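For the protein sequence lines, the chains are A and B, in the order given.
Heads up: the first sequence begins at 2 in this note's numbering, then just goes up one per residue.
Heads up: the second sequence begins at 13 in this note's numbering, then just goes up one per residue.
The set of hints was computed from the structure by calculation and includes no laboratory data.
All figures in this text were calculated on a predicted structure; none of them were measured in a lab.
Built from N, CA and C at the ideal position, the CB exists for glycine as well.
Hints are supplied without guarantee of correctness; some may be wrong.
Unchecked claim - Computed list of lysine to aspartate or glutamate pairs in EDC-like fashion (alpha-carbon distance at most 16 Å, straight line):
no.: 1; chain 1: B; residue 1: K85; chain 2: A; residue 2: E240
no.: 2; chain 1: A; residue 1: K200; chain 2: A; residue 2: E10
no.: 3; chain 1: B; residue 1: K46; chain 2: B; residue 2: E25
no.: 4; chain 1: B; residue 1: K85; chain 2: A; residue 2: D254
no.: 5; chain 1: A; residue 1: K203; chain 2: A; residue 2: D254
no.: 6; chain 1: A; residue 1: K206; chain 2: A; residue 2: E50
no.: 7; chain 1: A; residue 1: K21; chain 2: B; residue 2: E25
no.: 8; chain 1: A; residue 1: K194; chain 2: A; residue 2: D164
no.: 9; chain 1: A; residue 1: K21; chain 2: B; residue 2: D40
What the hints assert, rightly or not - Derived DEER-like restraints, expressed as beta-carbon distance ranges:
no.: 10; chain 1: A; residue 1: Q57; chain 2: B; residue 2: K15; range: 38 to 46 Å
no.: 11; chain 1: A; residue 1: T234; chain 2: B; residue 2: K85; range: 51 to 59 Å
no.: 12; chain 1: A; residue 1: N124; chain 2: B; residue 2: K85; range: 50 to 58 Å
What the hints assert, rightly or not - Output of the computed footprint for chain B on chain A, the stretches with three or more beta carbons under 8 Å from beta carbons of chain B:
no.: 13; region: 36-43
no.: 14; region: 154-164
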Amino acid sequence: MSENITPEEIIKKGTLVFEKTKLMTDAHLSYCPGCGHGVAHRITMEVLEEMGVGDQAIGIAPVGCSVLAYDFMNIDMQQAAHGRAPAVATGIKRLYPEKYVFTYQGDGDLAAIGTNETIHACNRGENIVIIFVNNGIYGMTGGQMAPTTLEGMVSSTSPYGRDLGMTGHPIKITEMLAMLPGVCYATRHAVHKPGLVRKTKKAIKKAFENQRDKKGTSIIEIVSNCNSGWKMTPVKSNEWLEENMLPVFPLGDIKG
Amino acid sequence: MAKIKGAIVVDTERCKGCNLCVVACPTDVIALNKLVNGKGFNPAFPENHGACIACMSCSLVCPDMCITVYRYKPQKETV
Numbered sequence: 002m003s004e005n006i007t008p009e010e011i012i013k014k015g016t017l018v019f020e021k022t023k024l025m026t027d028a029h030l031s032y033c034p035g036c037g038h039g040v041a042h043r044i045t046m047e048v049l050e051e052m053g054v055g056d057q058a059i060g061i062a063p064v065g066c067s068v069l070a071y072d073f074m075n076i077d078m079q080q081a082a083h084g085r086a087p088a089v090a091t092g093i094k095r096l097y098p099e100k101y102v103f104t105y106q107g108d109g110d111l112a113a114i115g116t117n118e119t120i121h122a123c124n125r126g127e128n129i130v131i132i133f134v135n136n137g138i139y140g141m142t143g144g145q146m147a148p149t150t151l152e153g154m155v156s157s158t159s160p161y162g163r164d165l166g167m168t169g170h171p172i173k174i175t176e177m178l179a180m181l182p183g184v185c186y187a188t189r190h191a192v193h194k195p196g197l198v199r200k201t202k203k204a205i206k207k208a209f210e211n212q213r214d215k216k217g218t219s220i221i222e223i224v225s226n227c228n229s230g231w232k233m234t235p236v237k238s239n240e241w242l243e244e245n246m247l248p249v250f251p252l253g254d255i256k257g
Numbered sequence: 013m014a015k016i017k018g019a020i021v022v023d024t025e026r027c028k029g030c031n032l033c034v035v036a037c038p039t040d041v042i043a044l045n046k047l048v049n050g051k052g053f054n055p056a057f058p059e060n061h062g063a064c065i066a067c068m069s070c071s072l073v074c075p076d077m078c079i080t081v082y083r084y085k086p087q088k089e090t091v
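Full structure from sequences and hints, please.
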């Protein structure tokens with residue numbers, strides 16, 4: 002009876018519908034349990050694998066939690082100085098115009114120390130993809146306040162909550178960059194639910210297609226969690242993200 | 013009735029027990045094991061495996077790429 006098939010038989014007879022992409026190495030990820038970086042890494046590599054351009058892709062790792070991205074992504078990688086990933090990507094893309102060049106950055110890297118490089122690379126309309134993981138905190142160094150930290154959000158350097166009068170508003174860098182004529186595609190997504198993961202993957206694919214068609218800079222912001230920085234469990238941090246981060250950083254296409 | 017059936021394989025040593033797959037699963041297949049793996053985490057395992065429909069929700073949200081999903085569609089049988 003086919004109704005009473007055991008899982009072992011399904012594994013034997015059935016079709017494989019999902020497995021770890023070959024463009025991710027077998028190294029165990031160094032991220033905390035439940036961190037959105039793992040999903041963001043995986044869907045980026047899946048897109049490159051689907052497009053069949055894994056051997057033509059060059060990634061730029063930032064400084065931050067994802068500094069070791071070159072250990073996990075099984076493609077050519079370069080690690081850049083803090084915040085300088087778009088500048089390094091500019092150089093690589095101009096030297097190898099046919100390669101698929103992308104930067105993978107966090108909010109401390111892209112929106113704080115690397116604001117200058119990011120804005121000017123986008124303003125020049127460099128043909129690169131910027132994947133920007135925004136978790137509203139400096140995760141690697143112990144949960145300090147970042148430019149994207151929400152109003153009233155407690156971090157180790159804002160123990161009474163972020164005070165807008167003293168430290169300013171959470172910076173909406175993707176909206177800012179969308180204003181620049183060099184940017185062809187600016188969008189914001191999240192990876193905490195299966196449906197949102199699928200949408201994010203589509204957006205990343207569109208960004209790499211824009212790069213292939215030489216349209217300009219594409220920036221994909223991924224609103225993610227930092228459960229150890231926020232001092233919550235992974236499930237709770239995703240709920241908190243939905244309640245607090247998404248009203249400030251609404252999902253959807255901003256340009257393109 | 014040709015109903016799609018699924019099965020998952022969890023890489024127990026990669027799993028960090030974050031519980032995201034347990035929450036994402038629409039048919040409550042997955043649970044966390046009481047036993048720990050080599051890293052000291054409670055890994056996910058298919059507790060109610062027969063209910064799996066191979067929707068891939070668990071594998072899509074898994075940050076550590078631990079879950080492999082298989083799908084099986086039985087051939088329609090003539091009555």
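Hint by hint, here is what the structure shows:
1. B:K85 to A:E240: violated (35 Å)
2. A:K200 to A:E10: This hinted pair is violated, its Cα atoms lying about 32 Å apart.
3. B:K46 to B:E25: holds (14 Å)
4. B:K85 to A:D254: Not OK: K85 of chain B and D254 of chain A at ~37 Å, beyond 16 Å, violated.
5. A:K203 to A:D254: holds (12 Å)
6. A:K206 to A:E50: Judged against 16 Å, a Cα distance of about 11 Å means the pair holds.
7. A:K21 to B:E25: holds (14 Å)
8. A:K194 to A:D164: violated (31 Å)
9. A:K21 to B:D40: violated (22 Å)
10. A:Q57 to B:K15: 38 to 46 Å: Given a distance of about 42 Å, which is inside 38 to 46 Å, the answer is holds.
11. A:T234 to B:K85: 51 to 59 Å: For T234 of chain A and K85 of chain B the Cβ distance comes to about 37 Å; the hint is violated.
12. A:N124 to B:K85: 50 to 58 Å: The hint (50 to 58 Å, Cβ to Cβ) holds, given that N124 of chain A and K85 of chain B are roughly 52 Å apart.
13. 36-43: holds (count 6)
14. 154-164: violated (count 0)
Hint violations for this structure: numbers 1, 2, 4, 8, 9, 11, 14, all remaining hints satisfied.
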